[in-house]
Amino acid sequence: MVIARMADIVKRYGTHLVLDNVSIEMGKGEIVGLLGPNGAGKTTLLFALTGLIGVDSGEIELFGRPLGDNTLETKRRIGFVTQEVSVFQDLTARENLEFFGGIYGLRGPGLKQRVQHALEIVGLAKYANRLPAKFSGGMSRRLNIACALVHAPEFLIMDEPTVGVDPQSRRHILETVRELNRQGTTVLYTTHYMEEVQAIASRVIILDQGHVIAEGTISDLVEQIRHEERIRLEVVDVTEPLLQNLRKLEGVKGVVVEDRIVRITTQVGFGNLDRVLAAASEAGGVLSINAERPTLEDVFLTLTGKQLRDGGEE
Amino acid sequence: MAILVVLPLALISVIGLVVGDAVDPALGIPAIDGVAMVIIFAFQLLGGNYTLDFLRSDLFSPRKWRLQALPYPPFCHALSILISSSLFSAFQGFAMVLYTHWVYGVRWGSFLVILGLLLFFSAFNQLVYMLIALSVKTDKLGERLGEVYGLGSFALAGVWFQLPNTLVFNFLARYGNPLSLSRNVMLYIMTGRYGNEALYSLAILLLATTALVTASIYFGRRKLA
Numbered sequence: 001m002v003i004a005r006m007a008d009i010v011k012r013y014g015t016h017l018v019l020d021n022v023s024i025e026m027g028k029g030e031i032v033g034l035l036g037p038n039g040a041g042k043t044t045l046l047f048a049l050t051g052l053i054g055v056d057s058g059e060i061e062l063f064g065r066p067l068g069d070n071t072l073e074t075k076r077r078i079g080f081v082t083q084e085v086s087v088f089q090d091l092t093a094r095e096n097l098e099f100f101g102g103i104y105g106l107r108g109p110g111l112k113q114r115v116q117h118a119l120e121i122v123g124l125a126k127y128a129n130r131l132p133a134k135f136s137g138g139m140s141r142r143l144n145i146a147c148a149l150v151h152a153p154e155f156l157i158m159d160e161p162t163v164g165v166d167p168q169s170r171r172h173i174l175e176t177v178r179e180l181n182r183q184g185t186t187v188l189y190t191t192h193y194m195e196e197v198q199a200i201a202s203r204v205i206i207l208d209q210g211h212v213i214a215e216g217t218i219s220d221l222v223e224q225i226r227h228e229e230r231i232r233l234e235v236v237d238v239t240e241p242l243l244q245n246l247r248k249l250e251g252v253k254g255v256v257v258e259d260r261i262v263r264i265t266t267q268v269g270f271g272n273l274d275r276v277l278a279a280a281s282e283a284g285g286v287l288s289i290n291a292e293r294p295t296l297e298d299v300f301l302t303l304t305g306k307q308l309r310d311g312g313e314e
Numbered sequence: 001m002a003i004l005v006v007l008p009l010a011l012i013s014v015i016g017l018v019v020g021d022a023v024d025p026a027l028g029i030p031a032i033d034g035v036a037m038v039i040i041f042a043f044q045l046l047g048g049n050y051t052l053d054f055l056r057s058d059l060f061s062p063r064k065w066r067l068q069a070l071p072y073p074p075f076c077h078a079l080s081i082l083i084s085s086s087l088f089s090a091f092q093g094f095a096m097v098l099y100t101h102w103v104y105g106v107r108w109g110s111f112l113v114i115l116g117l118l119l120f121f122s123a124f125n126q127l128v129y130m131l132i133a134l135s136v137k138t139d140k141l142g143e144r145l146g147e148v149y150g151l152g153s154f155a156l157a158g159v160w161f162q163l164p165n166t167l168v169f170n171f172l173a174r175y176g177n178p179l180s181l182s183r184n185v186m187l188y189i190m191t192g193r194y195g196n197e198a199l200y201s202l203a204i205l206l207l208a209t210t211a212l213v214t215a216s217i218y219f220g221r222r223k224l225a
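Protein chains in written order, with the numbering used here: chain L, 1 to 314; chain U, 1 to 225.
Don't read these hints as lab results, they were simulated from the structure.
Treat the hints loosely; a few may be bogus.
Pairs of lysine to aspartate or glutamate, EDC-like flavour, derived with a Cα cap of 20 Å [to be verified]:
hint	chain 1	residue 1	chain 2	residue 2
1	U	LYS64	L	GLU229
2	U	LYS137	U	GLU197
3	U	LYS140	U	ASP21
4	U	LYS64	L	GLU282
5	L	LYS253	L	GLU240
6	U	LYS137	U	ASP58
7	U	LYS64	L	GLU84
8	U	LYS64	L	GLU240
9	L	LYS248	L	GLU229
10	L	LYS248	L	ASP298
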């Protein structure tokens with residue numbers, strides 16, 4: 001079942017083209033990671049998807065219905081974690097959740113139960129009666145997330161929920177996302193942090209300058225750029241015959257030595273690990289050998305020509 | 001929040017000490033009654049800051065995206081802020097009315113009618129500040145305009161100093177600002193005299209309220225849709 005679909009979306013701010021014929025689709029139960037440098041159009045895409053801003057052209061469907069048909073009912077089924085911490089500082093954590101839960105139509109014991117559940121999921125049950133002003137950045141972010149999931153949404157949209165949080169809170173947030181997904185929530189997760197996407201996403205969409213430039217599972221994306229592989233070889237002693245043997249191997253593009261470590265760059269598809277190991281064994285003692293696979297970071301760099309955390313302001 | 005209670009009560013106390021048992025020769029009421037009335041209603045003018053603050057922080061800050069993502073139209077949120085702020089400011093004023101009655105013996109007339117007028121005047125001021133919140137681009141500008149409205153009304157009502165004795169200034173001092181309009185109505189409630197002025201003032205306040213509601217709807221549709 002398709003939860004969200006955007007087809008040929010174009011969005012301009014004045015003359016600045018922010019989304020250029022963007023098409024994406026999300027199925028029920030997925031965790032989709034939306035990656036892109038600053039200014040790629042990620043937040044604009046999320047705002048367009050939830051109807052917070054209009055688009056210049058294209059079609060958006062949520063839960064199988066065009067956006068705009070019964071907007072309030074659609075909003076009831078979505079939880080939106082904004083990039084900014086958007087909680088009320090003069091209400092306690094529990095009161096914040098009661099406010100948001102109340103707007104989603106929760107009342108009485110049902111509301112109390114959902115509030116308690118949301119507090120437990122984000123690990124704030126012990127701090128339920130404290131004001132957010134007394135929270136650390138990570139705790140505020142977790143409360144921000146709890147406010148978006150207090151009504152048990154079917155579709156949770158998270159806009160960079162871990163910006164500026166400590167590693168412990170980040171782990172907690174990622175575990176929360178996994179847990180929600182296990183419970184059946186579909187998640188669209190934008191971030192600057194590649195490792196977060198690698199940790200939780202079942203599928204990745206890479207957005208750059210308003211275009212979807214790649215889409216698929218992490219292994220699909222890595223496969224797209226697997227023109228070469230790197231092998232790390234650790235030997236007892238680096239000798240000239242060893243290096244000559246390695247350089248003579250078919251498909252080897254480069255051999256670099258760092259102390260007792262030899263890094264070999266080869267083309268893929270030549271059974272490299274076995275051949276390198278054989279060549280190295282002939283020349284001396286091998287301590288360890290392993291192939292270094294391309295990462296999502298490499299994919300991003302190859303496709304966009306830039307690191308994920310550079311670029312202008314969004 | 002507290003300053004809108006503590007400061008007026010402090011002013012009433014200090015000025016009350018100065019005027020003692022004197023009677024206002026122009027109005028024929030104890031001077032302390034006039035002082036309490038003007039100061040309590042003058043601070044109602046600034047009570048609109050509640051609406052300004054809450055509207056700007058909820059619907060004109062990054063938090064607006066969270067609120068707009070809720071299944072709840074933003075105008076409902078604006079309206080709830082307007083109503084809550086009106087009630088809060090009016091009851092704040094009413095608490096001061098009761099305090100000045102019990103402590104200083106100010107004769108307010110019917111408390112129910114005073115409460116009604118406070119509710120109306122408070123809602124009027126919240127509407128003014130709502131219009132400001134809807135029509136400015138920055139919070140600072142909103143605050144400055146709010147100050148201009150409040151302090152400008154004090155000045156026009158002759159709270160600080162007597163305005164020049166000309167036809168225009170006399171009109172402005174009597175009917176040309178919300179503080180004078182509410183004072184005219186209050187004088188009638190307290191003394192049973194000045195009925196015509198009270199009627200005209202009430203009519204002007206009602207007309208102005210209608211204009212404010214219309215303008216708020218117009219700007220609200222543009223800014224909160």
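Results of checking the hints against the structure:
1. U/LYS64 x L/GLU229: violated (48 Å)
2. U/LYS137 x U/GLU197: violated (38 Å)
3. U/LYS140 x U/ASP21: violated (43 Å)
4. U/LYS64 x L/GLU282: It is violated: about 68 Å lies between the C-alpha atoms, which goes past 20 Å.
5. L/LYS253 x L/GLU240: holds (17 Å)
6. U/LYS137 x U/ASP58: Since the Cα atoms of U/LYS137 and U/ASP58 sit roughly 14 Å apart, the hinted pair holds (cutoff 20 Å).
7. U/LYS64 x L/GLU84: Holds, at about 10 Å.
8. U/LYS64 x L/GLU240: Since the Cα atoms of U/LYS64 and L/GLU240 sit roughly 67 Å apart, the hinted pair is violated (cutoff 20 Å).
9. L/LYS248 x L/GLU229: holds (17 Å)
10. L/LYS248 x L/ASP298: violated (27 Å)
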